[in-house]
Amino acid sequence: MKTTAGKLSAWFVATLLVVVFLGYMTTQVIQPAYVPGVASTGPAGLTDVLFYVLAAVTIAGAAGVALSRNILYSAVGLLMALLGAGSLYVFLSADFVAVTQLLIYIGGVLVLILFAVMLTNRITEVNVSNTSFGSFGGALLGISVAPVLIAVVTLTPWPARAPAALAPTTALIGNGFLTKWLLPFEVASLVLLATLVGAVVIARKEIKAD
Amino acid sequence: MSVPAIPYAPKRTAKSVVLLTLAVGFILPVALFGAILVLSPLTKPAMFEALVNQLGGNYAAWSPTAKAGAYAGAAALLGFMLLNFGAIISGTTVWWEMRVSSRMQSRIGYNRVGAGGFFQWIADAVKLLLKEDLVPAEADQLLFRAAPYFVLVGFALTFVALPFGESIIAADLNVGIFYMISVTALVVVGIMLAGWSSNSKWALFGGMRSAAQVISYEIPAGIAIMVPILMAGTLSMQGIIRAQGPWPWQWFVFTNPFAFVAFIIFFIAQLAEGNRTPFDLPEADSELVAGYLSEYSSFRFALYFLVEFGNLWVMAAVAVTLFFGGWQVPGTTLQTFQDAIGPGPLPGAAWWGLQLASLVVFVVKTLVVLNVIVWIRWTLPRIRVDQMMTLCWKYLVPFAFVSFVATLLWMIVVARYPVAATVTGGVLTAVFAVVLAVFLRQTKANITAAGDRVDLTHW
Amino acid sequence: MATTTVREYTGAIKDTVVSFWHGLSITLSHLVRRPMTVQYPDRTPMHVRDMLPPRYRGFLEVDAAICTGCQACERACPIGCIQITLEKDPANPKQRVVTQFDIDEAKCMFCGLCVEPCPTGSIQHTREFEASQSDIRNLVFRWADPATGFPVYKVDKTAEYYPRVELGSLVRAKLETRAWDAPGPKFFPPEPPRPPEEKKPAAKPAAAAPAAAAAAPAPTAPAAAPAADKPTTETK
Numbered sequence: 001m002k003t004t005a006g007k008l009s010a011w012f013v014a015t016l017l018v019v020v021f022l023g024y025m026t027t028q029v030i031q032p033a034y035v036p037g038v039a040s041t042g043p044a045g046l047t048d049v050l051f052y053v054l055a056a057v058t059i060a061g062a063a064g065v066a067l068s069r070n071i072l073y074s075a076v077g078l079l080m081a082l083l084g085a086g087s088l089y090v091f092l093s094a095d096f097v098a099v100t101q102l103l104i105y106i107g108g109v110l111v112l113i114l115f116a117v118m119l120t121n122r123i124t125e126v127n128v129s130n131t132s133f134g135s136f137g138g139a140l141l142g143i144s145v146a147p148v149l150i151a152v153v154t155l156t157p158w159p160a161r162a163p164a165a166l167a168p169t170t171a172l173i174g175n176g177f178l179t180k181w182l183l184p185f186e187v188a189s190l191v192l193l194a195t196l197v198g199a200v201v202i203a204r205k206e207i208k209a210d
Numbered sequence: 001m002s003v004p005a006i007p008y009a010p011k012r013t014a015k016s017v018v019l020l021t022l023a024v025g026f027i028l029p030v031a032l033f034g035a036i037l038v039l040s041p042l043t044k045p046a047m048f049e050a051l052v053n054q055l056g057g058n059y060a061a062w063s064p065t066a067k068a069g070a071y072a073g074a075a076a077l078l079g080f081m082l083l084n085f086g087a088i089i090s091g092t093t094v095w096w097e098m099r100v101s102s103r104m105q106s107r108i109g110y111n112r113v114g115a116g117g118f119f120q121w122i123a124d125a126v127k128l129l130l131k132e133d134l135v136p137a138e139a140d141q142l143l144f145r146a147a148p149y150f151v152l153v154g155f156a157l158t159f160v161a162l163p164f165g166e167s168i169i170a171a172d173l174n175v176g177i178f179y180m181i182s183v184t185a186l187v188v189v190g191i192m193l194a195g196w197s198s199n200s201k202w203a204l205f206g207g208m209r210s211a212a213q214v215i216s217y218e219i220p221a222g223i224a225i226m227v228p229i230l231m232a233g234t235l236s237m238q239g240i241i242r243a244q245g246p247w248p249w250q251w252f253v254f255t256n257p258f259a260f261v262a263f264i265i266f267f268i269a270q271l272a273e274g275n276r277t278p279f280d281l282p283e284a285d286s287e288l289v290a291g292y293l294s295e296y297s298s299f300r301f302a303l304y305f306l307v308e309f310g311n312l313w314v315m316a317a318v319a320v321t322l323f324f325g326g327w328q329v330p331g332t333t334l335q336t337f338q339d340a341i342g343p344g345p346l347p348g349a350a351w352w353g354l355q356l357a358s359l360v361v362f363v364v365k366t367l368v369v370l371n372v373i374v375w376i377r378w379t380l381p382r383i384r385v386d387q388m389m390t391l392c393w394k395y396l397v398p399f400a401f402v403s404f405v406a407t408l409l410w411m412i413v414v415a416r417y418p419v420a421a422t423v424t425g426g427v428l429t430a431v432f433a434v435v436l437a438v439f440l441r442q443t444k445a446n447i448t449a450a451g452d453r454v455d456l457t458h459w
Numbered sequence: 001m002a003t004t005t006v007r008e009y010t011g012a013i014k015d016t017v018v019s020f021w022h023g024l025s026i027t028l029s030h031l032v033r034r035p036m037t038v039q040y041p042d043r044t045p046m047h048v049r050d051m052l053p054p055r056y057r058g059f060l061e062v063d064a065a066i067c068t069g070c071q072a073c074e075r076a077c078p079i080g081c082i083q084i085t086l087e088k089d090p091a092n093p094k095q096r097v098v099t100q101f102d103i104d105e106a107k108c109m110f111c112g113l114c115v116e117p118c119p120t121g122s123i124q125h126t127r128e129f130e131a132s133q134s135d136i137r138n139l140v141f142r143w144a145d146p147a148t149g150f151p152v153y154k155v156d157k158t159a160e161y162y163p164r165v166e167l168g169s170l171v172r173a174k175l176e177t178r179a180w181d182a183p184g185p186k187f188f189p190p191e192p193p194r195p196p197e198e199k200k201p202a203a204k205p206a207a208a209a210p211a212a213a214a215a216a217p218a219p220t221a222p223a224a225a226p227a228a229d230k231p232t233t234e235t236k
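Protein chains in written order, with my numbering: chain V, 1 to 210; chain Y, 1 to 459; chain L, 1 to 236.
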């Protein structure tokens, strides 16, 4: 069990990290680091700081999901991670995807997760739920997934700058769904339909049992 | 009984109090809307640059940091004004709703603080702020403290894309209406966290009811919103308004009969998502004490209250945007606004006048819808949970789908002929006017049947 | 699961529309009518106390001129908010004097049981009810001056009625002279008669004493235990 002192020190470390991070980002804005010989893309502006802050929020949220011993706290961590990821989509000028992320994952998935947690019987003993997989399995999984992620990160040609203004993407996405990507779109909707039917079947079974 | 020793005279509200109330009641909206009117266009980058140059500065010579800082400062000022607007509009809505509700129940209502009790909301807010900030010992401290902020953020973020006039909007997002419905999801998360972290069965039940209700009613609301989106061909709030016209027969709600159905579905679903009567099951006083906010007190409670009543404005404004032609000023076209800008870097006085007119039109429409919401609250009793679910899944969802598909056909078949839209618009407007007249006659008959008469002297 | 016919389905919609129509028109009609209520307390055409029905049970009033000092009201009071002390007049030993007649209106529940046994109608409910006080002890009404007291009234058996001052005038005089924020009096309001100390049934004198001592703190333990426990949140 964590003691109060342990908790306090954890909070202190977390706060210190946030302060150092924010301080560093501020210095980046006010006095951009000049590195001779390296072609700089210009001083870090407000956008860059926002990006790093949002990325930090995302990572902190993801860490909260993984490390928290309370499933409700994990859910809140997930909220942070999803919010951060959604905001990062805006930097890719994908505003429609960003808002969809917000609507589907926070308005739908996260609320359902919270709903399910509240419906569980042993709600006061949620602390045990996160340790069911064990650290060994987690490490194994992490190691097995890492090559793929690293490959994606290193092999993708990242664009240097996001476009300044957001172009409307909704119509393009709609056209894409109904022309070039019609088959994947329909397959996805079939999966959803199957889920719906399955949910109805499960729900009806319970009524019959009564 | 003999006559009392001191001759008794009914006390009247002091003249100074009436004057003060009138002054504040006049200055508050003027200052708020004026600030929004001025700040919203001026915080657009081009206008901001022009303003700086106009004031004697040289914007081009500023360092990037100064540009970013000054611009962020202006944007923060606008955000601050919008937040204040949310707080004050919710406060005055509370006062207005209490006055209306008391009249509907033949009572007098607020009448102590200021003339007509106008300062009651300030007194209430001060009282709430001065109360003890209680956190239940068995509550989850962190989440209990954090939950109100989710609710407040979900509410405050809607003002980013909420239009007030032709150019009076913080940010006209390409996905405006989509953004509006998705950020309100944060309110639900806050309510659920509040319900769980309070560690009280009333709060938990309230939170769960709220979640079930909001998830259910998001579906008919979303489909009903699709109808004006289809008719406008855009998700942007301003784009939807621009696709409509200034006159009632050019509003979406009257040009297309299915849009009228969609409006009713959307309106009911909005009531449910805002936890308004008859859908106030999450905070049903008679069953759940106060639902998810049972354990809250002081400032945290005030935040929930602020959001609940501020949401009225958001609900009404979105309905006006989608179905009632938004800020379109009768007698003007979109070109009128364009022409009024003038040659200078900053728009001329005519343009500002038009902006003011559009602001007034939008606010008046919004207040009408807001009053209908208040009116419904004091008319209908609370419905049961099963009735609430039946209404959503058996009535609203099928009708929403029907109106959605019918609108698709409408757009293909009818809307390609502008004459047809005008004809249906005229017919529907006329029908609505007749229905309204019959309704007012019915109301008049109710009054005379009770042997009473219209008497507004005690307002 | 009950099936819904088409008629029921459309009928429900019709009912909704009709009830909206009538409900909204009724509330709207009330909105533009004059409110029924009057504004309490200072916009009424007369004092609210004068608008109350005559048998209203407000503050108790004692007319000392016709009080017989029989203490029937004190005995009748179920909560003991009346306290009366009778003394002999040192100058005239035959004359008894009421030196204390306190009524704690903060405790009074306005049941009227003290009014009924009064032989002369000295103690009566009035229509006075407005007496907000910052100090609750100011709600103790002293009907007898402790220094002088008042002589008891000799009942005239043949009298048809007893000369009583106008009902409410005495209470009103007391209320009007007392500011709401007046400091509280020095004396204590009347205490209800304490029930006699209950003696524990001493069945086993030898063993009971240590057992009773041990039992005394025991009841607190079960009361504290549920609070210390994590309350299980009730979910279904």
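Honestly, the hints are just simulated from the structure, not real lab data.
Take these hints with a grain of salt, some might be off.
[Said to hold, decoys possible] Covered stretches of chain L, as calculated for chain Y (at least 3 residues, CB under 8 angstroms):
#1 21-35
#2 180-186
[What the hints assert, rightly or not] For lysine to any residue, the following SDA-like pairs were computed, each having C-alpha atoms within a straight-line distance of at most 20 angstroms:
#3 L:K88 to L:V152
#4 L:K174 to L:A147
#5 L:K14 to Y:W393
#6 Y:K394 to V:V200
#7 Y:K394 to Y:P278
#8 Y:K201 to V:V200
#9 L:K174 to L:Q100
#10 Y:K44 to Y:M388
#11 L:K14 to Y:M388
#12 Y:K67 to V:D48
Built from N, CA and C at the ideal position, the CB exists for glycine as well.
To see whether the hints hold, each was checked on the structure:
1. Remark: the stretch 21-35 of chain L is confirmed as covered by chain Y, as 15 of its residues place a Cβ nearer than 8 angstroms to a Cβ of that chain, reaching the required three.
2. Counting residues of the stretch 180-186 of chain L whose CB falls under 8 angstroms from any CB of chain Y gives 0; the rule of at least 3 is not met.
3. As the CA atoms of K88 (chain L) and V152 (chain L) are separated by approximately 10 angstroms, the hinted pair is consistent with the 20 angstroms bound.
4. For the hint linking K174 (chain L) to A147 (chain L), the alpha-carbon distance of about 18 angstroms falls within 20 angstroms, and the restraint holds.
5. The suggested pairing of K14 (chain L) with W393 (chain Y) holds, with an alpha-carbon distance near 18 angstroms, which does not exceed 20 angstroms.
6. Distance restraint check for K394 (chain Y) and V200 (chain V): the Cα-Cα separation of roughly 15 angstroms lies within the 20 angstroms cut-off, and the hinted pair is therefore satisfied.
7. Restraint check: the Cα-Cα separation between K394 (chain Y) and P278 (chain Y) comes to about 18 angstroms, which is no more than 20 angstroms; the hinted pair holds.
8. This hinted pair does not check out: K201 (chain Y) and V200 (chain V) have alpha carbons roughly 29 angstroms apart, beyond 20 angstroms.
9. With a CA separation close to 16 angstroms, the supplied pair K174 (chain L) and Q100 (chain L) stays within the 20 angstroms bound.
10. Restraint check: the Cα-Cα separation between K44 (chain Y) and M388 (chain Y) comes to about 44 angstroms, which exceeds 20 angstroms; the hinted pair is violated.
11. Proximity of K14 (chain L) to M388 (chain Y) is assessed by CA-CA distance (about 17 angstroms); at most 20 angstroms being required, the pair is judged to hold.
12. At roughly 15 angstroms between alpha-carbon atoms, K67 (chain Y) and D48 (chain V) fall within 20 angstroms of each other, so this suggested pair holds.
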